[in-house]
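Keeping their order, the protein sequence lines are chains A and B. For the first sequence, my numbering begins at 1 and goes up steadily by one. For the second sequence, my numbering begins at 1001 and goes up steadily by one.
Think of the hints as simulated: they come from the structure by calculation, not from any bench. Careful: at least some of the hints might be erroneous.
Cross-link-like lysine to any residue pairs, in silico, SDA-like; alpha carbons within 20 Å at most [unchecked claim]:
id, chain 1, residue 1, chain 2, residue 2
1, A, 58, B, 1317
2, B, 1313, A, 66
3, B, 1313, A, 68
4, B, 1393, A, 52
5, B, 1313, A, 62
6, B, 1313, A, 57
7, B, 1393, A, 47
8, B, 1313, A, 71
9, B, 1005, B, 1242
10, B, 1393, A, 51
11, B, 1313, A, 52
12, A, 61, B, 1314
13, B, 1313, A, 70
14, A, 58, B, 1314
15, A, 61, A, 120
16, A, 132, A, 183
17, A, 27, B, 1002
18, A, 61, A, 118
19, B, 1393, A, 53
20, A, 61, B, 1317
21, B, 1313, A, 51
22, B, 1234, B, 1017
23, A, 61, B, 1313
24, B, 1313, A, 113
25, B, 1393, A, 49
26, B, 1127, B, 1202
27, B, 1393, A, 46
28, A, 10, A, 157
29, A, 61, B, 1311
30, B, 1313, A, 63
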Amino acid sequence: MSDQVKETDKTVFAMLAEYDNPAKLMKAAKLVNRAGYTKFDAHSPFPIHGMDGAMGLKESKLGWIVLSHALVGFSGGLALQVWASSIAYPINIGGRPFANIPAYVPVTFELTILLSAFAAVFGMFFLNNLPKLHNSLFNSENFSRVTDDKFFICIETEDGMFSEEETQKFLEGTGASHIEKVYE
Amino acid sequence: MAQTKLTDNVQFPDSANPSRTIIAVGVVGVIASLVGVVVNYEQFLHSYLTSFSFFISISLASLFLVMIHHITRSSWGTTLRRIPETFSSYLWVFALLFIPILLGMSTLYGWTQEQYSPFYEGLREYKSPYLNVTFFIIRNIIYFAIWSFLGYKLYNNSIKMDETGDWGLDSMFRKISAPGIFFFGFTLAFASFDWIMSLRFDWFSTMFGVYYFAMSFQAIMAVLIVMILYLRGKGLLLNTITRAHINDLGLWMFAFTVFYAYIAFSQFFLIYYANIPEATLFYFVRMEGNWQYVFYAVIFGRFVIPFIVLLNKSAKANYKVLTTVSFLIIASHIVELFWLVMPSLHDTFTIHWLDVATFLGLAGIFFGCFFFFFKKQSMVPKNDPNLIESLNKH
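With the rest of the complex left out, here is chain A (with noise of 0.2 Å):
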């Protein structure tokens, strides 16, 4: 096997554009965005303020995914009490009526924590992709620099609007310090 695969053998994953500080960062975002890039992500040591906005993101789906789980909880813990202590297998406990709501209340809000938790959770893997093991930008000598004072923007090259001239020329109109292709 030979280590010397020539680069033009390997496939471009990503082009990645380098910034010196969250406010380049930020108008480069901007920029991106209005360019009509979907397939692109925002790199930065620390959470920016207003990012989401900058980088045109919608709302996470992920209230909904815990709201559709809760409800199931919800109805699911209150039909499994009523079923079993009314309908199956009735018995009187001191008087109180078979479909007893109040006493019911406890393991109905314990279900519909516990489903919303999981959906939390859960959900959260699922909408972000994970677990994923490896991911090809971990490819870039200076992205390592993210965890410490450099700021990125990658397009991939699964955007419909990536061609590698075309791209590599609009990332440096946005003020980007370096650029470079990062390879699968």
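Let chain A serve as the given structure and place chain B on it in line with the hints.
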């Protein structure tokens, strides 16, 4: 974008002061209540206690909010702090307003009468070391002394900081609040035992203090939202109390809607499940006949509807939705206090004209005091060290 100083006019203008309406409402209410004293003394006292416990709950929850704000050195609410500060600054007025209840306590509270009923005599004597007239008066003096002191002192310190701009006064806030919150917890709990729970001295719930607190603290968020949106409606503090602040109050309101439900249900559930006669009679009266509709109205008005509506993120940022939910919560708070107090007089749910009269009378005094003190000072703690950070909250 970032604000480096206050840009709004911080003086409350006379044009925004609804003093005429307040005086008109107050005078009508007070006169009608005085008529009620002569006509139906027992009904007057119960109605008065309901209204009293509503208005003082706003002031007390404000006091708690201000203290917790100081202890945690929060900055989010600095720009809106003057509103709860003002609410709690005149807690001494409530000490005066409590006098009618002290005068009428032998009519209001069964435990004050030596021969209340032969059946309860043993129990009454058993509880008399705590529930006796002298100790009741002493306790209430202590409550009002502590609250008046805390409320006035925190307000005064804040005013002083406005005038002198001395940031050294900032540590005073915490020196007052830290022990203050300790005493507040006890006094509020015992006050609610004394005022509302002892209406039926054969019933007790150790959670009642927390329950009254949870009710009040949910309501204060609603009151603050309404007050702030009132000010905004008059074009005041538009850049000072921003969307971010109101959104946070919406979050608080949502959180305490859940907290309230948790506390209220916990109290109900243990009693319901244990099914001990002496414990259940309190709820038994309140869930029988047409009182049960009030009971369900409170559940929906205070928890179910606000919870479902406020669950949505955008609802907490929508002023119209927030105002509607706030009014619903405030109304439910009144109805719930009515539901707690009134069954000791009426077996069935009825609204007496004195309920309205005492409410209007106290509303006049309460909001009259509020605007009287509010207009005298700047509407924002303008020299507070956290002010700039709070202005730029997002």
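Hints versus structure:
| no. | hint | verdict |
| --- | --- | --- |
| 1 | A:58 - B:1317 | 17 Å, holds |
| 2 | B:1313 - A:66 | 14 Å, holds |
| 3 | B:1313 - A:68 | 16 Å, holds |
| 4 | B:1393 - A:52 | 18 Å, holds |
| 5 | B:1313 - A:62 | 12 Å, holds |
| 6 | B:1313 - A:57 | 16 Å, holds |
| 7 | B:1393 - A:47 | 16 Å, holds |
| 8 | B:1313 - A:71 | 18 Å, holds |
| 9 | B:1005 - B:1242 | 14 Å, holds |
| 10 | B:1393 - A:51 | 16 Å, holds |
| 11 | B:1313 - A:52 | 16 Å, holds |
| 12 | A:61 - B:1314 | 14 Å, holds |
| 13 | B:1313 - A:70 | 16 Å, holds |
| 14 | A:58 - B:1314 | 14 Å, holds |
| 15 | A:61 - A:120 | 11 Å, holds |
| 16 | A:132 - A:183 | 17 Å, holds |
| 17 | A:27 - B:1002 | 18 Å, holds |
| 18 | A:61 - A:118 | 15 Å, holds |
| 19 | B:1393 - A:53 | 17 Å, holds |
| 20 | A:61 - B:1317 | 19 Å, holds |
| 21 | B:1313 - A:51 | 19 Å, holds |
| 22 | B:1234 - B:1017 | 10 Å, holds |
| 23 | A:61 - B:1313 | 12 Å, holds |
| 24 | B:1313 - A:113 | 19 Å, holds |
| 25 | B:1393 - A:49 | 12 Å, holds |
| 26 | B:1127 - B:1202 | 9 Å, holds |
| 27 | B:1393 - A:46 | 19 Å, holds |
| 28 | A:10 - A:157 | 13 Å, holds |
| 29 | A:61 - B:1311 | 15 Å, holds |
| 30 | B:1313 - A:63 | 9 Å, holds |
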